[in-house]
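A.B. asks: Make one complex out of these two single chains by using the hints.
Line by line, the protein sequences are chains A and B. Residue numbering for the first sequence follows my numbering, starting at 1 and increasing by one per position. Residue numbering for the second sequence follows my numbering, starting at 1 and increasing by one per position.
These are calculated hints, taken from the structure and not from any lab test. Among the hints, a few may not be true.
Within a straight-line C-alpha distance of at most 30 Å, the following computed DSS-like cross-link-like pairs (lysine-lysine) qualify [claimed, not checked]:
id	chain 1	residue 1	chain 2	residue 2
1	B	328	A	43
2	A	43	B	405
3	B	61	A	34
4	A	40	B	61
5	A	40	B	401
6	B	277	A	40
7	B	207	A	43
8	B	326	A	40
9	B	207	B	405
10	B	411	A	34
11	B	405	A	40
12	B	277	A	34
13	A	43	B	326
14	A	43	B	411
15	B	213	B	61
Label pairs and their in silico Cβ distance ranges [claimed, not checked]:
id	chain 1	residue 1	chain 2	residue 2	range
16	A	71	B	211	47 to 55 Å
17	A	68	B	411	39 to 47 Å
18	A	42	B	395	45 to 53 Å
We put the beta carbon where it would ideally sit given N, CA and C, even for glycine.
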Amino acid sequence: MKKIEAIIKPFKLDDVKEALNEIGIQGMTISEVKGYGRQKGHKEIYRGAEYVVDFIPKVKIEVVVPAEMANQVVEKIRQAANTGKLGDGKIFVFSVEEAVRVRTGEKGKDAI
Amino acid sequence: MKLKSLVGTAIFLAMPFSAAFAGDAVLNSGDTAWMIVSTALVMMMTPAGLALFYGGMSRYKNLLNTFAMTFVAYCLSSVIWMMWGYSLSFGTDIGGLIGGLGNVFMMGIEVNSLSGTIPTYVFALFQMTFACITVALVLGSIVDRMKFSSWIVFTVLWVTFVYCPIAHWVWGGGWMATMGALDFAGGTVVHINAGVGGMVLSLILGKRIGYGKEPMFPSSITLTALGAALLWFGWFGFNAGSQLAADGIAGSAFLVTNTSASIAGLSWMSAEWIHNKRPTVLGLASGIVAGLVAITPAAGFVNLPASLVIGLVAGLLGFFCVAVVKQKIGYDDSLDAFGVHGMCGTWGALATGIFANPAVNAGKAGLLYGNPNQLWIQIISIVATAGFTAVGTVIVVYVTKMLTKGLRVEKDDEIQGLDSSIHGERAFEIE
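Just chain B, same shape as in the assembly (with noise of 0.2 Å):
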């Protein structure tokens, strides 16, 4: 009783004092402390978590060329966001639809700058690692067959022309955010522009060579499995750190990020167990990214039950995706980046207009709590997104094309395998 009226004394008396501070940018150590943290986190989804799902998912003989594709995207990501991605996407709004180059080379921000509550260099390495994810994951609709000059090229423009506009539209003071557009962590800018992304990407540069005849086994489902579970890990800090602070908000976006990734799991796991008679180790890890994705746009706005049925839609959702509808057309995503992220991003853009909840972030209500049109208004961003993903890539694509003279590895090396025809190297000597 006592503490608790002292606290009440206590937060009585602070609150003129926030008030007073309300104005001014203010660091607080507490936010600032997490979103390092956040930012750490996101950082090792990329090199570890993305790649050894992506590797383990590719043949043994490309397994280090896929990688090496991730290590190389998120180093290239890295160094172009601090020279100009970072001011494209946040700089200065032209006309709603990108950025000005007031800020590249971080020019104009220093030790003290503030964005929000926590410094402006931990808010640009946090969007950094962002931008690092989104073009890794188009890795997943191409491996086993790209030049690896084409996919520095790639990277190169894509993250420039395709990402960063994006980025800004949702996020950097765009028109999407101006027309009210939800994305929370990323559900437009990073899971459906890598998914649409992939699917250009790999629509052009052709199956593999003898694909949907010849066996192409997995190389370890072990090293997908402890991939998922290091991205499930780093997930916490893209979607509770997405908050920007420590808050209750936060802590909401945490829990419903886990909930929907488990459910997610066993949903995906029951409908191939049913499907298949076999409930594989495969499914289960990646249902738990598809309820990851599913719940990213969603994940600051939406309570406990609405993450139940998120997590359960994006397992069945996502298995239906690659293992009936890519069968039956028969594209060649080879790790299912549109299959998982294009879909499952789709649904979770949607699912945030249904039941965003004013009960958890104040003022953004969905479907659900009288505020139809939030649903029209997420339509009409996944669409714009999807749109100019596509149309990005194709021209990033046929430039990259033109830089490298082809996109695609010689035929001899893709069936010896790029680890040995473009690396030289073996991921494996078993005796």
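Isolated chain A (complex conformation) (with noise of 0.2 Å):
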């Protein structure tokens, strides 16, 4: 299994969980989250007392999925997050050891 972590702008996060329900990921949790790389902060200056922004709201999307998924995940992920611009975000990949249903207990791939 692999958890694939992507941090993305906030307002592609629908195209993204559409892109994803297309081919059948069926959950996936989402945090609001602040960061910065190339794109940096801005600038703000409120009567003259200048200020730099230098965290940018982003939305991070962590999904778990079998292995053989990953690839076809990240591609979709990253074809959906686009705009061409700096700024567009991270996706990062990691291997995950377990998973559990809290419900029934089932682990595994069943689980996810």
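C.D. replies: Here it is, written out as structure tokens:
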């Protein structure tokens, strides 16, 4: 199993969700996060007082899939989240040792 | 035609009567109605207009504390005014310096007492709203760090020993009035006074922890903009009401007030747009207030073209003071009471001496209308007000410090935020 973590622009969340639904991904976890990469922050000026806002709001999507689907899921997310501009985000892939469904106790692929 | 001649006859017929009554004070119901409305408009400027304007600019953790200090300033000043403030300001003159104590607790004033053509009660209430907003304006220099108890003691002392004497000098028949200083609605009494008072208090209090190092974002520019709109609305009562009558000068004051505010909003915004590449809402709101401040002393004396110049300069001056001068010097006038009220109030008082037009207000002429001496009188009134306020405020602040054992909140409380450490409340619950 693989866990795919994608950090994307918040307004792209719906597109990504639909793209993953199309290939049968049934669930995901998202969180609102802040960060910066090459896009960097921006400057705000209030009556002459200048503040640099380093961290920009992003959405983090976490989804766990069978290992053989990982490449397809990554590509789907990449296409759906792409705007071609700085700040589109990053995708990370991790190996997952185990998964358990809380209600039934099912394990492994059955649990995801 | 017919109607015109009828009106003409009516005026002609009425003339001898009004002349006959000129000596005795007679209540005018039109004036009285307008002054009751004006009083309510100016009242709104403090707990609604100023509280929102300042609250939105203070940090999210101090938003309620800013509201609390504004509300408590209004409540305290209202009570003080009726107990002794009115008497000190408008009681029988003592040597041109202060009013007597003959009217404490509104003694000697009855339902039928008149001030000009309006009931004295209405006059006293109208003046009360000015005392309230002036001390509340001082807040702008010191939010985010002052002890609540110190603010309460400061308010009581400052209204009594700083505001009342100056109000007496200018409006209560004191020496500035005798000298011929022109201050229609409070350039010296309200704005220079509050601006200088705020500056002195903020210098003694010291900077906020982290000032200039960490970002201090305004909690809500939306609230600030709404506050500016309410201040603007209330200011029509402030300026047009200061004529104390519903007449042509009141109308003229209304006109120049609105024009000055509008053009100052535009000039501040433009200056910022050129200087910082962005026209901000905070700049627009600040410019509007700067324009209102600057036209205040001049409102009943100047015409429309003068108000365009006064507003235009006020917007640029306000921006320059808070965005350039303050950043260079590095004092922590948190919400710019000095930069906006002190500096634009000074400009307005000077402008009154330049632009006062006898065609607007008979017998009141400035530099441009052949009376350069007026400008000199205005300069004396500005320097005297600023000097008295500075010295008076220093004394009041040190007495306050003694009475409340310090002026500043504990470091931990300041970092945690005053809403929670003083009031045990939060301004928002956002999930």
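A.B. asks: I'd like to know which numbered hints this structure contradicts. Please list them from smallest to largest.
C.D. replies: Of the numbered hints given earlier, those the structure breaks are 2, 5, 11 and 17, listed in rising order.
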